[in-house]
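Visitor: Required output: the full structure, derived from the provided sequences and hints.
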Amino acid sequence: MMTLAPARPARPAASGLTPPVPAPPASGMGTRSSGFYRHDLDGLRGVAIALVAVFHVWFGRVSGGVDVFLVLSGFFFGGRLLRNAITPGAPLRPVPEVTRLVRRLLPALVVVLAVSAVLTILIQPETRWETFADQSLASLGYYQNWELARTAADYLRAAETVSPLQHIWSMSVQGQFYIAFLALILLCAFVFRRVFGRHARAAFVVLLTGLTVASFVYAVIAHNTDQTTAYYDSFARAWELLLGALVGALVPYVRCPMWLRTVLAVVALAAILSCGALIDGVHEFPGPWALVPVGATLLFILSAANRYADPHTRGRIPAPNRLMATRPFVALGAMAYSLYLWHWPLLIFYLAYTGGTRVNFVEGAVILLVSGILAWLTTRYVEEPLRAGHAPAVAAPKSPTALRRLRRPTIVLGSTVALLGVALMATSFTWREHLTDLRANGGELATLPLRDYPGARALINDAKVPSVPMRPTVLEAKDDIPESTIDGCISDFDNIGIINCTYGDKSATRTIALAGGSHAEHWITALDLLGRMHHFRVVTYLKMGCPLTTEKVPLVMGNNDPYPKCRQWNDRVLPRIIADKPDFVFTTSTRPWNIRPGDVMPSSYLGIWKEFSKHGIPVLAMRDTPWMVDEDGEPFFPSDCLADGGDPVSCGIERSKVLSDRNPTLDYVTRFPLLKPLDMSDAVCREDYCRAVEGNVLMYHDAHHISSTYMRTMTSELGRQIGAATGWWTS
Numbered sequence: 001m002m003t004l005a006p007a008r009p010a011r012p013a014a015s016g017l018t019p020p021v022p023a024p025p026a027s028g029m030g031t032r033s034s035g036f037y038r039h040d041l042d043g044l045r046g047v048a049i050a051l052v053a054v055f056h057v058w059f060g061r062v063s064g065g066v067d068v069f070l071v072l073s074g075f076f077f078g079g080r081l082l083r084n085a086i087t088p089g090a091p092l093r094p095v096p097e098v099t100r101l102v103r104r105l106l107p108a109l110v111v112v113l114a115v116s117a118v119l120t121i122l123i124q125p126e127t128r129w130e131t132f133a134d135q136s137l138a139s140l141g142y143y144q145n146w147e148l149a150r151t152a153a154d155y156l157r158a159a160e161t162v163s164p165l166q167h168i169w170s171m172s173v174q175g176q177f178y179i180a181f182l183a184l185i186l187l188c189a190f191v192f193r194r195v196f197g198r199h200a201r202a203a204f205v206v207l208l209t210g211l212t213v214a215s216f217v218y219a220v221i222a223h224n225t226d227q228t229t230a231y232y233d234s235f236a237r238a239w240e241l242l243l244g245a246l247v248g249a250l251v252p253y254v255r256c257p258m259w260l261r262t263v264l265a266v267v268a269l270a271a272i273l274s275c276g277a278l279i280d281g282v283h284e285f286p287g288p289w290a291l292v293p294v295g296a297t298l299l300f301i302l303s304a305a306n307r308y309a310d311p312h313t314r315g316r317i318p319a320p321n322r323l324m325a326t327r328p329f330v331a332l333g334a335m336a337y338s339l340y341l342w343h344w345p346l347l348i349f350y351l352a353y354t355g356g357t358r359v360n361f362v363e364g365a366v367i368l369l370v371s372g373i374l375a376w377l378t379t380r381y382v383e384e385p386l387r388a389g390h391a392p393a394v395a396a397p398k399s400p401t402a403l404r405r406l407r408r409p410t411i412v413l414g415s416t417v418a419l420l421g422v423a424l425m426a427t428s429f430t431w432r433e434h435l436t437d438l439r440a441n442g443g444e445l446a447t448l449p450l451r452d453y454p455g456a457r458a459l460i461n462d463a464k465v466p467s468v469p470m471r472p473t474v475l476e477a478k479d480d481i482p483e484s485t486i487d488g489c490i491s492d493f494d495n496i497g498i499i500n501c502t503y504g505d506k507s508a509t510r511t512i513a514l515a516g517g518s519h520a521e522h523w524i525t526a527l528d529l530l531g532r533m534h535h536f537r538v539v540t541y542l543k544m545g546c547p548l549t550t551e552k553v554p555l556v557m558g559n560n561d562p563y564p565k566c567r568q569w570n571d572r573v574l575p576r577i578i579a580d581k582p583d584f585v586f587t588t589s590t591r592p593w594n595i596r597p598g599d600v601m602p603s604s605y606l607g608i609w610k611e612f613s614k615h616g617i618p619v620l621a622m623r624d625t626p627w628m629v630d631e632d633g634e635p636f637f638p639s640d641c642l643a644d645g646g647d648p649v650s651c652g653i654e655r656s657k658v659l660s661d662r663n664p665t666l667d668y669v670t671r672f673p674l675l676k677p678l679d680m681s682d683a684v685c686r687e688d689y690c691r692a693v694e695g696n697v698l699m700y701h702d703a704h705h706i707s708s709t710y711m712r713t714m715t716s717e718l719g720r721q722i723g724a725a726t727g728w729w730t731s
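Numbering (full-length UniProt numbering), first residue to last: 1 to 731.
Calculated from the structure, these hints are not laboratory results.
Don't take every hint at face value.
[Said to hold, decoys possible] Mimicking DSS-like on lysine-lysine, the simulated pairs with C-alpha atoms at most 27 angstroms apart in a straight line are: (1) Lys552 with Lys610; (2) Lys506 with Lys552; (3) Lys552 with Lys614; (4) Lys610 with Lys581; (5) Lys581 with Lys552; (6) Lys614 with Lys581.
[Stated by the list, open to error] Simulated DEER-style distance windows between Cβ atoms: (7) Trp259 with Ser604: 19 to 25 angstroms; (8) Ala426 with Leu323: 32 to 38 angstroms; (9) Glu126 with Ala440: 17 to 23 angstroms; (10) Ile121 with Asp583: 51 to 57 angstroms.
Computed from a predicted structure; not experimentally measured.
Each residue gets a CB set at the ideal place from its N, CA and C atoms; glycine is no exception.
Guide: Shown next as structure tokens:
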């Protein structure tokens, strides 16, 4: 889930700090002054990417490496721009800067995306191709972080964020920063040089300090409000890059004694190495805990500031800096960008191929080895030639003819990469257009004949099942969602407002309040039909992932993340429902066990039944439908399973794993006489097994929400049970 600024080969140190290594091209972003190049920061980059890859592959954790790279990106790129801006008479040329960025960042990215596209087609089910297409376009357009923030905030699409391209989100953050910072510096340099003259440096420092503080405060607020979305937020990450830029501009003026610099370097390197083990970055970043890797990186930069600025201290830098400037670490840093690009897709594709959720030590070692080999090849034969504008060569050309011969492979390479990028974009757009056309015809799902598509009636009424193709198809399932979702009648994760929409017979006097989360919502399809048929209206009180509960700190079902806005919404919705005084409240009464097979009524629901009972409001308590989970307890999409060659049985689940022998709600009807249990389990599961398809209808549109098409086939049985519970009609 991280990225970094591309590494570059190191320049030989003027004082013999490291063995000779290849010099970087003149267009690079390194930090150098009077012939001094920061080899130690290249080495630090190598260590950081190694930590990123190791923690991803073996531990499934965030190491803090992304924060190290964000700071280094700000230091390399922003610091250089800022130093030019505060130097009177220094040229400011935006076009070469943008060209340099394109040549450094895009070639390796395009190659990895192209290979990932091929592997997606070969390994992933076609139900995942659209997500890959969306994220490919987002990666090429450098808005991948916002694409992931959008899907993470969408309860029905949250699982899509785990993709082969997920890690490119932070590259998008950096790309956005590069362009925004370049525009800011150019504009401010033009103004500040004229307005403040020799005090332009102070004006820049004040401006960037204010922006840094504002971004950090925003990050803390966003982290506390919605950490999952804030993780990908450019504004919540900007302070890390801005700090790097500020230090890059001010580091020549830093002075401190050798002993203090040694202490700073040791502490900084220790903090960076231990960050992933001690801090859960997945849940703690970009909040205050991000100060640990960010602060450690700044300390490491400053620990060699004297050598950078003071000629009298050259040759005297702390031991950790000398270690990071040795050939192995510098070489690792040189290919860090490509290594970062390769390791995550290889891990995800391997897991998709094997069907596992994690790798063992040997598997992880092989993935890291292959990633390293591909990274070296990409750096050597794609990044370096196109970055420097020439093909790899042992010696410089000796004549114009030789120079032309040398440039030909580079032109071919650049053209090939460009064509790959165009092909990738064209393929992504074409697939998305195909699915758009397919879904435009999906309206017919609402009118499928029950004779051919009996669905739940095959289980309840033993209806005959003819041999016809399954509907919705695996590509249609994703959009076979409740009308209330399409109408925007359910509050999303960020919204604590109450959204009321009316379905069924809108002019009726009898009312059922449909309240809770999306597992209450997916019944709206059948309730709407029943309301029109039996003359009652259905009013919605819904919020994504948020059942009616008295739990003080609700958790998001599935990942157990804290969900404080669910608590806030419950505090508002319960008094509202009581004040509206519906004839019945329809909501879910059970949830899957997290620790053992079967389902349970959470104790936090009891306070809800008590409140409704106290105000004389009866509850239609619907037993929750089964959640499709694999052997490791991870949710899976039956549509993905079917698209990958599975069948209705192999893509289903044993009933005993998701449903207890007895409906847990029945244990509380004596205590709460107004609790009216509803149980549609026999309409979705056979006696011992819950299949993915019944009566030619695909049951789920994701891992645990019933498709609207299947829900329509349950209308008759649901009507029978509601009629018996309310007394409004008889079957």
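Visitor: All hints, please: hold or fail.
Guide: Each hint, compared with the structure:
1. Lys552 with Lys610: 16 angstroms, holds
2. Lys506 with Lys552: Not satisfied, since the Cα-Cα distance of roughly 35 angstroms exceeds 27 angstroms.
3. Lys552 with Lys614: Within the cut-off at roughly 21 angstroms; holds.
4. Lys610 with Lys581: 15 angstroms, holds
5. Lys581 with Lys552: Answer holds: Lys581 to Lys552 is near 25 angstroms, not above 27 angstroms.
6. Lys614 with Lys581: 12 angstroms, holds
7. Trp259 with Ser604: 19 to 25 angstroms: 57 angstroms, violated
8. Ala426 with Leu323: 32 to 38 angstroms: 47 angstroms, violated
9. Glu126 with Ala440: 17 to 23 angstroms: Between Glu126 and Ala440, where Cβ atoms are some 18 angstroms apart, the hint holds.
10. Ile121 with Asp583: 51 to 57 angstroms: Holds: the Cβ-Cβ distance is about 53 angstroms, inside 51 to 57 angstroms.
Hint compliance for this structure: hints 2, 7, 8 are broken, all remaining hints hold.
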